[in-house]
Amino acid sequence: LEDLLEEIVGDIYDEYDEQRDQMVTGVIQRYDGGAATVSLGNIEAILPRGEQIPGETLHANERVRAVICDVRKVGSRVKVILSRTRHQLVSRLFEQEIPEIADGVIQVRAIAREPGYRTKIAVSSSDQRVDSVGACVGVRGNRIKNIVDELAGERIDIVRYSDDMQVLIPNALQPAEVEEVI
Numbered sequence: 001l002e003d004l005l006e007e008i009v010g011d012i013y014d015e016y017d018e019q020r021d022q023m024v025t026g027v028i029q030r031y032d033g034g035a036a037t038v039s040l041g042n043i044e045a046i047l048p049r050g051e052q053i054p055g056e057t058l059h060a061n062e063r064v065r066a067v068i069c070d071v072r073k074v075g076s077r078v079k080v081i082l083s084r085t086r087h088q089l090v091s092r093l094f095e096q097e098i099p100e101i102a103d104g105v106i107q108v109r110a111i112a113r114e115p116g117y118r119t120k121i122a123v124s125s126s127d128q129r130v131d132s133v134g135a136c137v138g139v140r141g142n143r144i145k146n147i148v149d150e151l152a153g154e155r156i157d158i159v160r161y162s163d164d165m166q167v168l169i170p171n172a173l174q175p176a177e178v179e180e181v182i
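With the working numbering, letter number 139 in the sequence shown gets 139, and the count goes up by one each step, no holes.
Since the hints were derived computationally from the structure, they do not count as laboratory data.
Any given hint could be a false lead.
Unchecked claim - So the derived label-pair ranges between C-beta atoms look like this: (1) Asn142 with Glu114: 20 to 28 angstroms; (2) Leu4 with Ile169: 56 to 64 angstroms; (3) Ile8 with Gln29: 14 to 22 angstroms; (4) Ala35 with Glu179: 43 to 51 angstroms; (5) Val139 with Gln174: 19 to 27 angstroms.
For glycine and all other residues, C-beta sits at the position ideal for the given N, C-alpha and C.
Make the full structure from the sequences, and use the hints.
Below, the structure written as structure tokens:
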């Protein structure tokens, strides 16, 4: 019986360890001292206060998307830690909402994030006919709106990537005016 339990724990650990940095969807079961317990179906995961978006309020029975940031064996249990503050969440949301990114036509080249406040994402296109920024925003902003809603209203700036730092840095710092890049 003990061997069987150890094998099950090992299987669960392997399953979730392979999903590290991947997005999962769960349902909040309860809220204990700032940390949320999230049901992922066959296991309960923990969304610690420090991994939640500042200013965001989560409620029991609410659906939540997060990335798996850590998986540990604790005795005869597996502890899965989730995060909503890491840039991988933004990357996975873009892959899910924008087919051109999932297909590989548009690449996410860099992400900088201040959770709850702003995210800047640099994108480029391998096809000259596809506007990388326009495709991410979508018609009337409908694609980006879904991502902003999931991130509790966080502002998202999409920047056209360039290998030339003289071009990329002023693009990334907009709306600020850049006088000179040294």
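Here is how each hint holds up against the structure:
For the pair Asn142 and Glu114, the beta carbons lie near 24 angstroms from each other, so the given range of 20 to 28 angstroms is met. Checked against the given bound of 56 to 64 angstroms, the beta carbons of Leu4 and Ile169, roughly 58 angstroms apart, stay inside it. Evaluation of the 14 to 22 angstroms hint for Ile8 and Gln29 yields a pass: the beta carbon distance comes to about 21 angstroms. A C-beta distance of roughly 46 angstroms is found between Ala35 and Glu179, which places it inside the suggested range of 43 to 51 angstroms.
Our hint of 19 to 27 angstroms for Val139 and Gln174 holds, since their Cβ atoms are close to 22 angstroms apart.
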